[in-house]
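2 protein chains.
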Amino acid sequence: MLTMKSELWIEEKFKDIMGVRFKTEETCFAGQSAFQSVDIVKTRGYGKMLLNDGLVMISERDEFVYHDMITHVPLFVHPFPENVLVIGGGDGGTVREVLRHTDVKRCTMVEIDRMVVDSCKEFIPLCSKDLENPKVKLIIDDGVKFAKDTKEKFDVILVDSTDPIGPAQPLFGDEFYEDIYNCLKSDGIVVSQGESPWYQEEMQRKLMKIKSRLFDVVTIYNFSNLTYPGGLWSFTFASKGLHPIKDFVKERVAKSCLTFKYYNEAIHEAAFALPQFQKENIREFLKGI
Amino acid sequence: MLTMKSELWIEEKFKDIMGVRFKTEETCFAGQSAFQSVDIVKTRGYGKMLLNDGLVMISERDEFVYHDMITHVPLFVHPFPENVLVIGGGDGGTVREVLRHTDVKRCTMVEIDRMVVDSCKEFIPLCSKDLENPKVKLIIDDGVKFAKDTKEKFDVILVDSTDPIGPAQPLFGDEFYEDIYNCLKSDGIVVSQGESPWYQEEMQRKLMKIKSRLFDVVTIYNFSNLTYPGGLWSFTFASKGLHPIKDFVKERVAKSCLTFKYYNEAIHEAAFALPQFQKENIREFLKGI
Chain A
1 MLTMKSELWI EEKFKDIMGV RFKTEETCFA GQSAFQSVDI VKTRGYGKML
51 LNDGLVMISE RDEFVYHDMI THVPLFVHPF PENVLVIGGG DGGTVREVLR
101 HTDVKRCTMV EIDRMVVDSC KEFIPLCSKD LENPKVKLII DDGVKFAKDT
151 KEKFDVILVD STDPIGPAQP LFGDEFYEDI YNCLKSDGIV VSQGESPWYQ
201 EEMQRKLMKI KSRLFDVVTI YNFSNLTYPG GLWSFTFASK GLHPIKDFVK
251 ERVAKSCLTF KYYNEAIHEA AFALPQFQKE NIREFLKGI
Chain B
1 MLTMKSELWI EEKFKDIMGV RFKTEETCFA GQSAFQSVDI VKTRGYGKML
51 LNDGLVMISE RDEFVYHDMI THVPLFVHPF PENVLVIGGG DGGTVREVLR
101 HTDVKRCTMV EIDRMVVDSC KEFIPLCSKD LENPKVKLII DDGVKFAKDT
151 KEKFDVILVD STDPIGPAQP LFGDEFYEDI YNCLKSDGIV VSQGESPWYQ
201 EEMQRKLMKI KSRLFDVVTI YNFSNLTYPG GLWSFTFASK GLHPIKDFVK
251 ERVAKSCLTF KYYNEAIHEA AFALPQFQKE NIREFLKGI
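Protein sequence lines, in the order shown, are assigned to chains A and B. Here this note's numbering is used: the first residue of the first sequence is 1, the next is one more, and so on. Here this note's numbering is used: the first residue of the second sequence is 1, the next is one more, and so on.
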């Protein structure tokens, strides 16, 4: 729940055991869409911050971490990512990073909630600035429906979803991943927002289990987000054969001439090293690793 | 500042831009020593928690992360760590992990604040349980003074300090590290609590700078602490020659038959991969890496 107190702090509470509060200076946008509440606030220490249903999605201060890691890990593993699909990602940061790869000819983004896109276009151009790029096809629709209906085949799919409550719930289900599997090319990769190793052990197991039934290579990688509860956060990685480290040709990073604030060659490999407690939690679903 | 509100939350505030709150159920201990305030509270989600001057030091839920990483990284790099010095570490968790290494013949712990040791002995045996081990020499004194005066030479020194406010301030200074250098054997390693890459960039630079004047190998490694602001946290690693990865013989971990909840061989190496923003911040002080 988003609570705006008299002294202007927003707070993300977690299971009534902890809360993270951020000092805010201004409300830029506060709306209620058909799917969720959408708030953009200006904070004192983190720039502007987007919250859906009271949960921090991104802040200008640290959005680069999430967007670097959801994008560059799979796009530097796939040898020639021409056609990319982003499901969710309404703020635009993932699309922005995808477009930096010159191999990419086309990026389709399917976001269910127009209010997220529109409010980020107005208030967080840092993320949304490339949504009008001619390579981008922006579709406001249900990603689950899109994955079921599309005839298009993609090299890389990025499931940039909110948490598995509200509109994102079906994005954590079996059927959705069957459809994702079917709309990936034969060397395709899918990466999905994978929740917290500390707080969502069951969800991590569930996502890994769903993917390990379908894909040949299934694993998880971590990153450190400044504004998410607990800091440590995960993406799941699944592919029809490409290995996230063995098929990662480090030299491609330097050759790309891209610069990053979080990602680098060493971080790419290190992200797949899991703390022992997390590894044990999902060990039975690791595949091809 | 430790604030105990009517609804029983404790809150660690950071620079008036953010706060992390934990739901508490009971105060086990609340004291004011000559050096700092010392509180132990029972939280709803994290077991018992120790706070010094209102800053979270450890919780029963995640203490293994910090203690694994301060201890096992240097102790698996040093080929034969017989004599270990812990400066600070009043809760006892670091000593507990040190003693699991059968090579260790003697572990000296120098903690300035008897109140921390005594309260943890009473309320957090999970950490303090090995402080009475005959291999342990517990000295209640100023670690700065001890390092200056001792004639003993150590294989590994672990500076398990609080943040550089209050009693720990001199532990972040030049003179202290000159003395540390002098009481390390010729293949010695020192690891020090290194603050947050997100919030204490200047302190990370300062610590690295001090160490790079003295030591041949100087770098930093990260871990993800559940209860520290921002999650991502660092240790600095400095040695008179041993390299944290090249001199790490992975096989020693399996051979030790030790089990861990956070540390493993892959985490050891991965911890030294720094996010790009952090690497750039301390790049000029990296040495021998």
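Treat each hint with caution, since some may be false.
Copies of the same chain look alike in the list, so a pair counts if it works inside one copy or between any two.
Claimed, not checked - Straight-line alpha carbon distances no greater than 35 Å define the calculated DSBU-like cross-link-like pairs of lysine-lysine that follow:
no.: 1; residue 1: Lys153; residue 2: Lys185
no.: 2; residue 1: Lys209; residue 2: Lys23
no.: 3; residue 1: Lys246; residue 2: Lys13
no.: 4; residue 1: Lys255; residue 2: Lys185
no.: 5; residue 1: Lys23; residue 2: Lys105
no.: 6; residue 1: Lys15; residue 2: Lys153
no.: 7; residue 1: Lys206; residue 2: Lys255
no.: 8; residue 1: Lys23; residue 2: Lys135
no.: 9; residue 1: Lys279; residue 2: Lys129
No wet-lab data here; the hints were simulated from the structure.
In ascending order, which of the hints set out earlier in this document are inconsistent with the structure? Going through the list in order, the structure violates hints 3, 5, 6 and 8 and respects the others.
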